[in-house]
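Engineer: Sequence:
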Amino acid sequence: MYAPTLDAIDVAMSMETFAVVIGSFFNSLFKSPWTILEHNLGFLVSLHRSLTKL
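Quick note on numbering: our numbering labels position 30 of the sequence shown as 68, and the sequence is numbered without any gaps.
Hints are supplied without guarantee of correctness; some may be wrong.
[As the list claims (entries may be wrong)] So the derived label-pair ranges between C-beta atoms look like this:
{"id": "1", "residue 1": "L44", "residue 2": "V83", "range": "16 to 24 Å"}
{"id": "2", "residue 1": "K91", "residue 2": "V58", "range": "17 to 25 Å"}
{"id": "3", "residue 1": "V49", "residue 2": "E76", "range": "15 to 23 Å"}
Rather than coming from a laboratory, the hints here were simulated on the basis of the structure. On a predicted model such as this, the values are computed, not experimentally measured, just so you know. In this text, a Cβ means the ideal position worked out from N, Cα and C, and glycines have one as well.
Please model the entire structure based on the sequences and the hints provided.
Structural biologist: Given below as structure tokens:
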């Protein structure tokens, strides 16, 4: 079991920030629950990628 490296944390943080920006952009366009789902999916995917990179 490895401790998360700074690179993986940085990637996860930047991906989450990107997902938030994209999510808020689409939310302002559509105001639909799909944006919440997409934001959560984006966060989960970035978290999964950062964890599998360890």
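Engineer: The structure should be examined with respect to each hint, and the outcome stated for every one.
Structural biologist: To see whether the hints hold, each was checked on the structure:
1. L44 and V83 have their C-beta atoms about 20 Å apart, which keeps the hinted 16 to 24 Å range intact.
2. Checked against the hint of 17 to 25 Å, the pair K91 and V58 passes, with Cβ atoms roughly 21 Å apart.
3. Checked against the hint of 15 to 23 Å, the C-beta distance between V49 and E76 comes to roughly 19 Å, which is consistent with it.
Against the hints set out earlier in the document, no violation occurs for any number.
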